[in-house]
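S.K.: Listed here are the chains, written in short residue letters.
2 protein chains.
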Amino acid sequence: MTEHQKLVTDMGQRARAAFAVLSNVTDEQKARALNAAAAKLRSDEAEILAANAADMERSRANGLSDAMLDRLMIDSERLEGIASAIEQVAALPDPVGAVIDRNERPNGLVMERVRVPLGVIGIIYESRPNVTADAAALGLRSGNAVILRGGSEAIESNRAIHKAMTDGIVSEGLPEDAIQLVQTTDRAAVGEMLKAAGLIDIIIPRGGKSLVARVQQEARVPVLAHLDGINHTYIDKTADQEKAVAIAVNAKMRRTGVCGAMETLLIDQDYPAPAALLGALLDAGCEVRGDDAVMELDSRTVSADSQDWDTEYLAPIVSVRMVGGLDDALDHIAEHSSHHTDVVVAEDEAVANRFIRSADSAIVMWNASSQFADGGEFGLGAEIGISTGRLHARGPVALEGLTTYKWVVRGTGQVRP
Amino acid sequence: MTEHQKLVTDMGQRARAAFAVLSNVTDEQKARALNAAAAKLRSDEAEILAANAADMERSRANGLSDAMLDRLMIDSERLEGIASAIEQVAALPDPVGAVIDRNERPNGLVMERVRVPLGVIGIIYESRPNVTADAAALGLRSGNAVILRGGSEAIESNRAIHKAMTDGIVSEGLPEDAIQLVQTTDRAAVGEMLKAAGLIDIIIPRGGKSLVARVQQEARVPVLAHLDGINHTYIDKTADQEKAVAIAVNAKMRRTGVCGAMETLLIDQDYPAPAALLGALLDAGCEVRGDDAVMELDSRTVSADSQDWDTEYLAPIVSVRMVGGLDDALDHIAEHSSHHTDVVVAEDEAVANRFIRSADSAIVMWNASSQFADGGEFGLGAEIGISTGRLHARGPVALEGLTTYKWVVRGTGQVRP
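Those protein sequences? They're chains A and B, same order as listed.
The opening position of the first sequence corresponds to residue 276 in this note's numbering, with each subsequent residue numbered one higher.
The opening position of the second sequence corresponds to residue 276 in this note's numbering, with each subsequent residue numbered one higher.
What the hints contain is simulated information worked out from the structure, not anything from laboratory work.
Backbone N, C-alpha and C define an ideal beta-carbon position, used for all residues, glycine too.
Each statement offered as a hint is correct.
Residues on chain A that point at chain B, a partial pick, calculated with CB under 7 Å:
hint, residue
1, Leu-393
2, Ser-633
3, Gly-654
4, Val-684
With a cut-off of at most 30 Å between alpha-carbon atoms, the simulated BS3-like pairs for lysine-lysine come out as follows:
hint, chain 1, residue 1, chain 2, residue 2
5, B, Lys-470, A, Lys-470
6, A, Lys-484, B, Lys-470
7, B, Lys-438, B, Lys-470
8, B, Lys-281, B, Lys-484
9, A, Lys-484, B, Lys-281
10, A, Lys-470, B, Lys-484
11, B, Lys-484, A, Lys-281
12, B, Lys-470, B, Lys-281
13, B, Lys-438, B, Lys-281
14, A, Lys-281, A, Lys-484
15, B, Lys-470, B, Lys-484
Excised from the complex, chain A in its bound form (with noise of 0.2 Å):
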């Protein structure tokens, strides 16, 4: 055994101990235990901000860009942030133990289906240190223990606030290894994570693409993913033109960098003021990439090429293309869809059911902007992630998201004839 595979067995194992404790603890215990760890972090606020202020200075040093290093920067007010979104999640309600179905047969067993945490979560993360106090607290609401491992920048911020949610939930009997941090900063550590089937039950990455790629390439734990927000909005020739143009901008323009922001925009060739909304757009600040028949409608468009239609700008740039009507826009959104969210304007609830059946994507919308693609917006409290894949959980992924089921049978002495 290398160094690492030793080091994460060894993580892996204790966390596995960690979650068998854990199944015994009472919902109440779970929220004070993350109640006591917001506190802590408070309590530790100047050990935190001295950390994260020697990642800064390390950072800086090594030629980090300024939004990397926004990203990695805790002040007072940001570290309260962190403190109260424990507490927010501390107040969501606890999913373990609910009972999904029930079957009583005809031989008197009863057959429930009840909700258990998945496990042991491995979350592999940037340089954002907030992760660690997010996916910690998540994790263990739902039950599960962790093993972080965040971006080797912020390694003394998310040592500090690792020790201070330790010191919280230890301070209310809970194990301290049901959270634990990978305290090297070497990358083979990481691999030896997404290889360690049976210790590690579910992998989340949670950062840019190259990460996420990386992490779906190696491993061989499962993995829960987000990858692309490659969002469309079609604009049926029944669409309401006052929601079309509202729906269109928001989609667009209220923050583009958001994974639910609209990327291509598809206008039905009968819809009757298409120039009216690229106008809108325009007139809002965004760069209109067109095809032929978008480009004659406004000379402050540009011509789209194929790269366009396949691609997640995060930026004030749209592409735009008419199509033939609701089979045409699926056609496209089936070709070149992440499977993020796709949304259609149309006030002919059949083309709306229609669209909504049809097109193959974790959130599909009537009349609304993409750019509610939130596990808060949709009630789900916090959310660990937005999923692409298809299968455990899809879309935005929240406590539920963390949980798998067993099945418990109830007999009197019953045996299979």
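Dock chain B against the given chain A, drawing on the hints supplied.
M.R.: Okay, now just chain B, sitting in the frame of chain A:
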């Protein structure tokens, strides 16, 4: 692209197109199509039996074992069984379209989680040709397209069954590509299926350990795997003695070759009648491999070695250990269980509930035989397997396990502030 990459890519693309068509097919049409497939299997009896005879002859010449030849063989009666199993699947309620939950937000948006098919399912199996029909029926009933890859011994039988099934579904207007059979017996095609992420959504291996292990090792596509059933029965000191004997003997001896069979019996050292329990197993023809305490109880027992606690016998053999109560039993189970089915026999409900909470298995049973671990016994109808993984589906996997969900958001023009 190699020949096999081309083959699998082409099949995958055709399956995805068929899947898109299926999303607009009604429940009734799917049921009619399956009934038509069953009828066609009956009317094609001569062709199917001739194809099977060719497989049998070639396999016999190749020295296939009698047990394997028996799995391969189809006669009139078995074909009737295959056809009527399809009709039973056709009669099951369709899980697709069910609303899992619904949430109306303060802004008027209505969020629903709606069951949808998984997509394209790849099924890799061995010599039993009935799997061709079973898996296709379960996949199609839940709206999925399937790509089937059976063992080379059964290729002629599989082709004949596949032709009858596609003829049947096409006669009811369903796309032929909804059920595809890999026509080559080259194993490289399996390797390509396992790598076909984006085309195949999930791989379900049905077969022995070496097949499942290969699939799990190589797959880049998610795998719904059924591994060993190293199942435990723990007899608590509070167990009713009559129930204990009946459950232990049934769990081991009813059918020894099924994955729900008990492999290890754990007896509380304070259980008052261990000798009677062992005697009942021995009298039923079971070999008992015990620890020292067990061997003292009956001279017919033999000594267990350390491998016995991790062995799935699938035979009239049981390993038996005396344990120091519930916690000791749970420790043994945590170390040796394959997380399939574990059972507690106890009259004390507190003991049972702690076992149910702490035993981390897909199925936990109280006072019932582990041989009930079967989708039919759970009231699920036909099953595609029993999942020992934790994600997506756990325990018996029937139609619902072949679905996922999408989020459907209905608005009236809402934009996000």
